[in-house]
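**Student:** First residue of the sequence shown: 775, per our numbering; consecutive thereafter.
If you're looking for bench data, these hints aren't it; they were derived computationally from the structure. From a predicted model like this one, the values you see are computed outputs, not experimental measurements. Glycine included, C-beta positions come from ideal geometry on N, C-alpha and C. Heads up, a few of these hints could be off.
What the hints assert, rightly or not - Using 25 angstroms as the maximum straight-line C-alpha spacing, the simulated BS3-like pairs for lysine-lysine come out as follows:
1) 1031 to 923
2) 1076 to 1064
3) 1052 to 1064
4) 1031 to 1064
5) 827 to 1052
6) 1065 to 1031
7) 1010 to 1047
8) 827 to 923
9) 1052 to 1065
10) 1065 to 1076
11) 1010 to 827
12) 1010 to 1031
13) 1047 to 827
14) 1031 to 1052
15) 1064 to 1047
Stated by the list, open to error - The calculated label-pair distances, taken between Cβ atoms and stated as ranges, are:
16) 1054 to 910: 35 to 41 angstroms
17) 923 to 1060: 17 to 23 angstroms
18) 1068 to 954: 40 to 46 angstroms
19) 939 to 830: 37 to 43 angstroms
20) 1080 to 1016: 30 to 36 angstroms
21) 902 to 1060: 48 to 54 angstroms
22) 954 to 829: 33 to 39 angstroms
23) 935 to 1039: 25 to 31 angstroms
24) 928 to 1042: 29 to 35 angstroms
25) 931 to 823: 25 to 31 angstroms
26) 954 to 923: 36 to 42 angstroms
27) 996 to 1080: 18 to 24 angstroms
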Amino acid sequence: MLDGLNRRSFLQLGMAASAAAVAPRWMMAQAAPDSHADRLAQMRAAGAATPIKTTGLYDNVFLLQGAGGNMVLQTGAEGNVLIDSSFSTAVPNIRQTIARLSNAPAHALINTHWHIDHTDGNEGLHAAGFTIFAHQKTRERLSTSQTIKMFGMTLPAAPAGALPVITFEDALHIWHNGDALDLVHFDPAHTDSDIYIHFRNADVLHVGDVWFNGFYPFIDESTGGSIGGMIRAGEKALAVVGNSTRIVPGHGPLGSKDDFASFHDMLAAIRDKVAALKAAGASEQEAIAKKPTAGFDAAWAKGTMNGDQFTGLVYRTL
């Protein structure tokens, strides 16, 4: 049952990137000499080779982690609901995992945003019976070729079967399998298409890539992302969680309210430091040379995006 349709209002490469708190290795793509097609082939090879790890979050809600972005599955007699679809090559593993957890039919696939590590499996899962839900911007982005500037990478338009068929602008509310699901747009943050999905009864919140748990995040400046948007998205999500809420990031391990708040505070502190340098007239390279992330690197530069790269992202998206 659907209500509340309000009209007013990448990639993970690592062959061993299962559920650990490591940065998505597609962040290294900017230095890779291979072609876009080779990079996509590597990502999809990871999707086929990486097992799906399952963690119970509630009686009928599960965290699924493989080569792409973190997924969440709600099972039940009214039909299974899946959040995000990883890579196309992961679809057989995803379907097998779902079959082990539930004999209910497919119902809804919800995309947290447009990036390929969260949507490449859309076509295969749609063919398996899932109806695709997402923010309107996700459909718009998937419908046309998109370039991710930081990595010099252009992705073709997705096939028709991969496109969301139910979209919304501000919020969509779904009552399903004994729970109420809130789908809410963040406004531009990691991209311009980000949403969160809150399972109210289960007290599980999937925030997509507005949270990279344990490391500096990638912000897609090419499709509306900005440091200010990431900070505001964190505030919006934190306003609906409690101390016991299980929060699912786009990448990295399951986290708590305190974990997410620490990430938010780190973003805000670095934003302020870089903004002060920019306001004083520093160029991007001069700001990077001042090492504004130095006090945070030991805790957050644990993936493949270092402090200098993150400083550049923050500077450009202020």
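**Student:** All hints are to be evaluated individually against the structure, with a verdict given for each.
**Tutor:** The hints, checked one at a time:
Taken as a hint, the residue 1031 and residue 923 pair is broken in the structure, with Cα atoms around 32 angstroms apart against an allowance of 25 angstroms. In summary, the hint linking residue 1076 to residue 1064 is supported, as the alpha carbons are separated by about 20 angstroms, within the 25 angstroms threshold. Between residue 1052 and residue 1064 the CA atoms are separated by roughly 11 angstroms; this keeps the pair inside 25 angstroms, and the hint holds. Among the hinted pairs, residue 1031 with residue 1064 is inconsistent with the structure: their alpha-carbon atoms are about 32 angstroms apart, more than 25 angstroms.
Between residue 827 and residue 1052, the direct Cα distance comes to roughly 43 angstroms. Violation of the 25 angstroms bound is thereby established for this hinted pair. This hinted pair does not check out: residue 1065 and residue 1031 have alpha carbons roughly 29 angstroms apart, beyond 25 angstroms. Our distance criterion of 25 angstroms between C-alpha atoms is met by residue 1010 and residue 1047, whose separation comes to about 23 angstroms. Distance check on the hinted pair: residue 827 and residue 923 sit about 32 angstroms apart at the alpha-carbon level, beyond 25 angstroms; violated.
Among the hinted pairs, residue 1052 with residue 1065 is consistent with the structure: their alpha-carbon atoms are about 13 angstroms apart, no more than 25 angstroms. With a C-alpha separation of about 16 angstroms, the suggested pair residue 1065 and residue 1076 falls inside the 25 angstroms cut-off, and the hint holds. Among the hinted pairs, residue 1010 with residue 827 is inconsistent with the structure: their alpha-carbon atoms are about 29 angstroms apart, more than 25 angstroms. With a CA separation close to 12 angstroms, the supplied pair residue 1010 and residue 1031 stays within the 25 angstroms bound.
Proposed proximity of residue 1047 and residue 827 is contradicted: the alpha carbons are some 38 angstroms apart, above 25 angstroms. Note on residue 1031 and residue 1052: the hinted pairing is violated, with a Cα-Cα distance of about 31 angstroms set against a maximum of 25 angstroms. Our distance criterion of 25 angstroms between C-alpha atoms is met by residue 1064 and residue 1047, whose separation comes to about 10 angstroms. Between residue 1054 and residue 910 the beta carbon distance is about 39 angstroms. The supplied range of 35 to 41 angstroms therefore holds.
Between residue 923 and residue 1060 the beta carbon distance is about 21 angstroms. The supplied range of 17 to 23 angstroms therefore holds. For the hinted restraint 40 to 46 angstroms between residue 1068 and residue 954, the CB-CB distance of approximately 44 angstroms keeps it satisfied. Look at residue 939 against residue 830: about 30 angstroms separates their beta carbons, and that is not inside 37 to 43 angstroms. For the pair residue 1080 and residue 1016, the supplied restraint of 30 to 36 angstroms holds, since their beta-carbon distance comes to about 34 angstroms.
As the Cβ distance of residue 902 to residue 1060 is approximately 52 angstroms, the hint placing it in 48 to 54 angstroms holds. At about 22 angstroms, the beta-carbon gap between residue 954 and residue 829 misses the expected band of 33 to 39 angstroms. With their beta carbons about 42 angstroms apart, residue 935 and residue 1039 fall outside the hinted range of 25 to 31 angstroms. As the Cβ distance of residue 928 to residue 1042 is approximately 32 angstroms, the hint placing it in 29 to 35 angstroms holds.
The hint said 25 to 31 angstroms for the Cβ distance between residue 931 and residue 823, and at roughly 27 angstroms that hint holds. For the pair residue 954 and residue 923, the supplied restraint of 36 to 42 angstroms holds, since their beta-carbon distance comes to about 38 angstroms. Range check, residue 996 to residue 1080: Cβ separation about 20 angstroms, and the 18 to 24 angstroms hint holds.
When the structure is compared with the earlier hints, violations turn up for hints 1, 4, 5, 6, 8, 11, 13, 14, 19, 22, 23 and for no others.
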